[in-house]
Each structure stands twice: as structure tokens, then as C-alpha cells.
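Colleague: Letter by letter, the sequence shown follows residues 1 to 239 of our numbering.
Simulated from the structure, these hints should not be mistaken for lab results.
Everything hinted at is true.
Only pairs whose alpha carbons sit at most 30 angstroms apart, straight line, appear in this in silico DSBU-like list of lysine-lysine:
#1 Lys216 to Lys205
#2 Lys152 to Lys88
#3 Lys81 to Lys191
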Amino acid sequence: MAVVVSGLLLAACDGGGAAPSVPSSGVSARTTAAAQATSSAVAANPDATASATAPVPASAASSASAAVSVAADVDLENTPKLLDESGKALDQTKDEPAVDSPAFKKRLDLLWRAIVADDPSIAEPAFFPVVAYEKVKDIEKPKGDWKHRLMKNFHRDIHAYHDKLGSEANAYELVGLDVDAKRVKWMEPGKEGNKLGYYRVTRSKLRYKDPSGSEKSLELTSLISWRGEWFVVHLHGFK
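Modelling step: build the complete structure from the supplied sequences, incorporating the hints.
Modeller: Spelled out as C-alpha cells, the structure:
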């Protein structure tokens with residue numbers, strides 16, 4: 001899998017043999033550049049940070065090569081941790097989300113598998129968590145909006161992307177995700193009907209190739225962050 005951030009490439013290749021049509025959780029990879037610097041965590045208080053502006057995540061190049069993989073043992077339910085010991089939703093942070101985090105790469109893998117299989121349930125761990133949405137949105141019945149609008153549209157878009165791949169969906173291979181760092185923004189409270197801030201990046205490109213090696217792409221319309229990790233909130237369009 002490869003992730004391009006403002007011209008920087010995270011490239012992954014199989015350890016040997018023919019590439020699988022869908023990247024597996026154990027695929028070995030080689031990184032040719034690092035994608036983002038990480039800041040220290042700062043708990044976001046909606047009252048204290050209403051006017052604060054968080055820095056846009058910086059992309060930092062690295063000449064080092066390192067073996068990486070889509071780790072099978074990433075605990076997506078607790079990356080990031082959503083609830084405290086009492087079951088209460090934890091606060092947002094201003095941690096900068098990284099496109100090369102093991103959890104995000106695992107979520108991309110699940111998203112692609114869902115599209116290929118025409119099964120949206122596979123990709124639900126990649127979608128913005130409902131407990132986070134309830135804390136973020138300054139609207140009535142946010143849980144209902146999450147379920148009946150956002151998640152419904154997410155399922156619709158996965159079906160649409162599967163249809164776009166056609167009957168040969170299993171023959172396509174995920175190449176990676178192109179993210180324009182210039183589009184990464186910290187959304188202040190009060191924007192988009194939110195009462196907490198979050199990072200947002202729009203119009204990323206999920207790249208894939210056919211058996212001949214020809215590349216195509218699908219839009220990943222909007223990613224937003226929760227506690228230092230990216231999640232999908234709009235897959236194909238905002239409606």
C-alpha cells in the first residue's frame with residue numbers, strides 16, 4: 001500500500017510472488033518516505049479551546065527505509081481509546097493524525113476489502129465512531145443523524161464503488177491513498193455544526209490498479225480526526 005502526502009510517498013510492495021487482488025493484513029511493505037510529524041497530546045476542552053487554533057499537521061521527509069506492514073494485531077477498538085474505565089467517552093485531543101499510523105493503514109485495508117466484497121460492514125471500523133460524533137456535533141439527536149444519514153450514505157457509497165469496479169472487482173489491487181497536505185485543516189468549534197474541534201482533510205484519492213497495471217482512483221471525500229487518528233466520515237460526496 002502506498003500513501004502520498006503532498007508529494008511524499010509511502011510505498012509498499014509484497015514480499016515476493018504475485019500481488020494479491022486485495023491487500024492482506026500480513027502483507028510486508030517497504031517505506032520510502034515518512035509522512036507526518038507527531039505532536040504531543042493535549043486534551044481538548046470545548047470551553048477553553050473555542051478560539052484556539054491548532055497547527056496543520058506537517059509532512060516531514062525521511063531518507064530512511066523501514067519494513068512496515070498492515071499489522072494484523074492492531075486493536076482498532078482501542079486505537080484510539082474511546083472510553084474511560086467508567087464507560088464515559090474520552091475527550092477530543094489535538095494530536096495530529098498520521099496517514100502512516102498502523103491503525104489508519106488497517107482501516108484503509110478494511111475499506112478496500114469492503115468495496116471489493118460489496119460488504120459495507122467490513123469497513124465500519126474505518127468510519128467515524130458514534131461515541132465521538134455524539135461529543136462533536138452540536139445538533140439534536142446526533143446518534144440518529146450518524147446512523148440514518150452518515151452511516152447509511154457510507155453503505156450506499158461502498159455499494160456504488162463496488163459497482164464501479166464491476167464484475168472483475170477481485171482482480172483490482174489497492175495501491176494507496178493520495179492526501180493533499182494543503183487540504184488538512186483544524187476545524188474550530190462552531191464550524192460544520194460542531195462543538196469540538198477536529199482535523200479534516202478533503203478530496204483524497206484511493207488509488208488502485210487493474211491486472212494490466214493501469215491505475216485509477218476513487219475519491220475519499222472527507223476524513224476527520226478523533227484523538228489522533230483519521231476516520232472516514234464522507235466516502236463519495238457530502239450528501
